[in-house]
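Q: These are the residues of each chain, in order.
Number of protein chains: 2
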Amino acid sequence: MKTETLRARLLEVQLDLVNHRERSVIVLLTGHAVTHKGRLVNELNHWLENRHTEVHALGPSSEERERPYWWRFWRRIPDRGRIGIFIHGWYGDALFARAERRLSPGAFRDRLAEIRAFEAELAAEGVVLLKLWMDIGRHEQRRHLEALQQDPVRAWQLSDTDWQRHLQHAAIGALGSEMREATAADHAPWRRLDFRDRPAQLRRVGALLHETLVAPPAPPRAMPEAVPDEALAAPSIRHADPRVPAPMKKASYAARLVDAQGRLAINAREVARRRIPVVLAFEGLDAAGKGGGIHRVTEALDARQYRVHRIAAPSDEELALPWAWRFWRRLPADGRIAIFDRSWYGRVLVERVEGLAPEAAWRRAFAEIREFERQLLAHGAVLGKLFLAISQEEQLRRFEARAATPHKRHKLTDEDWRNRERWGDYATAIDEMFARTQAPGAEWALIACDDKRQARLAVLEEVNRRLELRLASPP
Amino acid sequence: MKTETLRARLLEVQLDLVNHRERSVIVLLTGHAVTHKGRLVNELNHWLENRHTEVHALGPSSEERERPYWWRFWRRIPDRGRIGIFIHGWYGDALFARAERRLSPGAFRDRLAEIRAFEAELAAEGVVLLKLWMDIGRHEQRRHLEALQQDPVRAWQLSDTDWQRHLQHAAIGALGSEMREATAADHAPWRRLDFRDRPAQLRRVGALLHETLVAPPAPPRAMPEAVPDEALAAPSIRHADPRVPAPMKKASYAARLVDAQGRLAINAREVARRRIPVVLAFEGLDAAGKGGGIHRVTEALDARQYRVHRIAAPSDEELALPWAWRFWRRLPADGRIAIFDRSWYGRVLVERVEGLAPEAAWRRAFAEIREFERQLLAHGAVLGKLFLAISQEEQLRRFEARAATPHKRHKLTDEDWRNRERWGDYATAIDEMFARTQAPGAEWALIACDDKRQARLAVLEEVNRRLELRLASPP
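Heads up: the protein sequence lines correspond to chains A and B, in order. Quick note on UniProt numbering: the first sequence kicks off at 1 and runs consecutively. Quick note on UniProt numbering: the second sequence kicks off at 1 and runs consecutively.
No lab work stands behind these hints: they were computed from the structure. Treat each hint with caution, since some may be false.
One copy or any two copies: either way a pair holds, since identical chains are not told apart in the list.
[Claimed, not checked] With a straight-line Cα cutoff of 25 Å, these simulated SDA-like cross-link-like pairs (lysine to any residue) come out:
no., residue 1, residue 2
1, Lys408, Asp16
2, Lys2, Thr405
3, Lys408, Ile311
4, Lys37, Asp160
5, Lys452, Ala218
The structure displayed is predicted, hence computed values, not measured ones.
Start from the sequences and build out the full structure, keeping to the hints where you can.
A: Pasting the structure below:
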């Protein structure tokens, strides 16, 4: 194919991409130093319609450092219809940190596993990935470095890092192989570009990108399904009994509430001081009292420290990105508390039961959620997952009370009655969710809510327990 | 009104706010130190449904410091339906910097003028403002500071800053008066809260907020209309002649293009080195060649340095915020280049001519735009505003050529033909835009585009000129 023809065809498929807004594309370049990555990116970007491309090659900002590692990449995922070009992307850190021995072999392999999970999730959500490894021989790299150093016009492009990476040429080469092998997939293939073929590189990349875009989407390599951990007992809503033998007396409740909120205030202040981020996910049956529970928690907190995120239907900007993006964007900075009023579990609850997500999507969500929560914990966050349950009798009583009280009527919708009829389906979904997403540090608390007072104290107790567990561990 | 009744009514109007999603609310507290601002905010926040509130009391992040001053506030404006509570907000910096003499009296007054403009713009866009000045006598402040210092449980709340502000009590009081007088408006009233009335403060704030929310929206005090600056010659599309006596030869074009792009590459690198942000706004008649012009600019740039923002219909997240938000969110960090393919001028062009914005909205936009651009320049940005014009004959030729060329047909829409019929209306809008938004450092370049080659060179020439003007000035 002539270069001009290739270029025209590439533009054509890009326009298709823009017009359909179904998929987005990530082209990622990494590899050896002084391989003219920047120049290649520039050339490729000129071939494309650059109103629909974006190039990322950034060090982390203070906002990024204060959030789980992957936040910095999630926030840069291109919208459907757009092409994002990443220099080093999520490979550079791992590769160079390992080459410089700032990362242990085990930590390096863990990072590769994270990368696999991240890319599998992107691919499943319609992100097309093309990864390029920029290769150069050691002698050639040295010749090239020396030439650059002597070129008065371009010597400024060189840094000490380039020389350091030259000295580590063998290590980077070996680590690169290991990395590519561990992260190659049909949905995220690696291509090697040799520096000696430089004049033909742009054509090669253009052809690869064209080929990637016209090929039918590769079936994403399914993440291994999240298997329930037999050693971890998960709660079960079918076997739980949210009824209470005796309701709690008001006076006794008031005293215990003050006590629990006082403890929470102290814990929260310590969490702020030690810059520990806290993520609380509230799920529950309709009318179980999520709002009331959250309110008792926030009453004890400084309003500057927390934010409540009510998760409802996604905005159009959220729909243009993988589903998990809207939870990533709301993660708290270190020392802050994000309270989710409904959460990322919507995918395996309402979206599953109401058929809003295809089965493949909610099935893989279990593994995606486990990985998401693991990353929060790895960043040092406290994670609380609370499920508020009530018995069917109590729910009916509350619905009827709502219907009868003018200023509460807006809280009751047709949907609530519909959900109630699907009790069995919800119970199945809830119990599978418990079993498949129960993990160390990410355990579910199933809270019996038939008695509001006991429920609210139990919510506070669970939040305090989580915070104290973390605060008791060394900083 | 009993406290419980007030509380219930406040919740009721908040629910109205949430359900209508027409207005948002900002409650801002500032004033003297040790007036229990934090506690009051907490109490108020508990009175409200805090799934729809957010509290802001933050120092600037590195991302914020790298952008024009007002970016940090624009990004925190609450969505329609929500209430944002700001501690100090945009008043603290000015007040304390002036008290500590880090800000000159003139700079302080300038900041107050910026605040007036900012609040008028918010109010006109449906943001309800309530500003609270927290007062305390000097002796009482001292007593309170000493008591706090001796209280083992709360002494940690005190900082050196509190003592420093105590020493500046008189200055802060006087500056506060000046500040309130300069920024009070029906749409953004100040209320004074005296520390001695503390027990009643929450009730007072609740009542004020309730009153503010049930009152009919105050007509925003119109910003003085942006008057054309007679001393600055503005271009005129009615008097321009975009035709060319002789088209430019290809060989001569090629040489000059290489030259201009080479200069641009050098200028852009220097801009990055000196961390100067660059904002380029491209406007123009249909088929005048905006895309081609932008492309010739980006060809000379490192793809890591710039981003092209194509401004089309707003997203639903953008519609939930004042119209200028979608330009603020796209401003470049220091050293980077944002290229707007259509821009904030849409409001006084297409939105005006097609009746998409009411007359009051596009009329005030002239002043809002001037203020926006002034703030960019005050941050040290380079601003380029390019308007690409073609003659009606040439436009017709290009439309017909597009219609006849299969792979260009998608570029021609019914809207293009409709716009063409409204030539006179557009010319009026364009000339008024030129006259009212011509300002020092923010001058328009009207570029004759009947000959594509000359047009592209003129675009490059204008961008280079802008950058070189800035680079020639001392850092």
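Q: The structure should be examined with respect to each hint, and the outcome stated for every one.
A: A quick look at each hint next to the structure:
Only between protomers do Lys408 and Asp16 lie at most 25 Å apart by alpha-carbon distance; the minimum there is 14 Å, versus 49 Å within a single protomer. When the C-alpha separation of Lys2 and Thr405 is checked against a cutoff of 25 Å, the pair qualifies only between copies, where the shortest distance is 21 Å, while the shortest distance within a copy is 74 Å. For a Cα distance limit of 25 Å, the shortest separation of Lys408 from Ile311 inside one copy, 21 Å, qualifies, whereas the shortest one across copies, 43 Å, does not. Within a single copy, Lys37 and Asp160 get their C-alpha atoms as close as 17 Å, which meets the 25 Å cut-off; across copies the closest is 50 Å, which misses it.
In this assembly of identical chains, Lys452 and Ala218 lie within 25 Å of each other by CA distance neither inside one copy nor across copies; the values are 50 Å within and 43 Å between.
Checked against the numbered hints given earlier, this structure breaks only hint 5.
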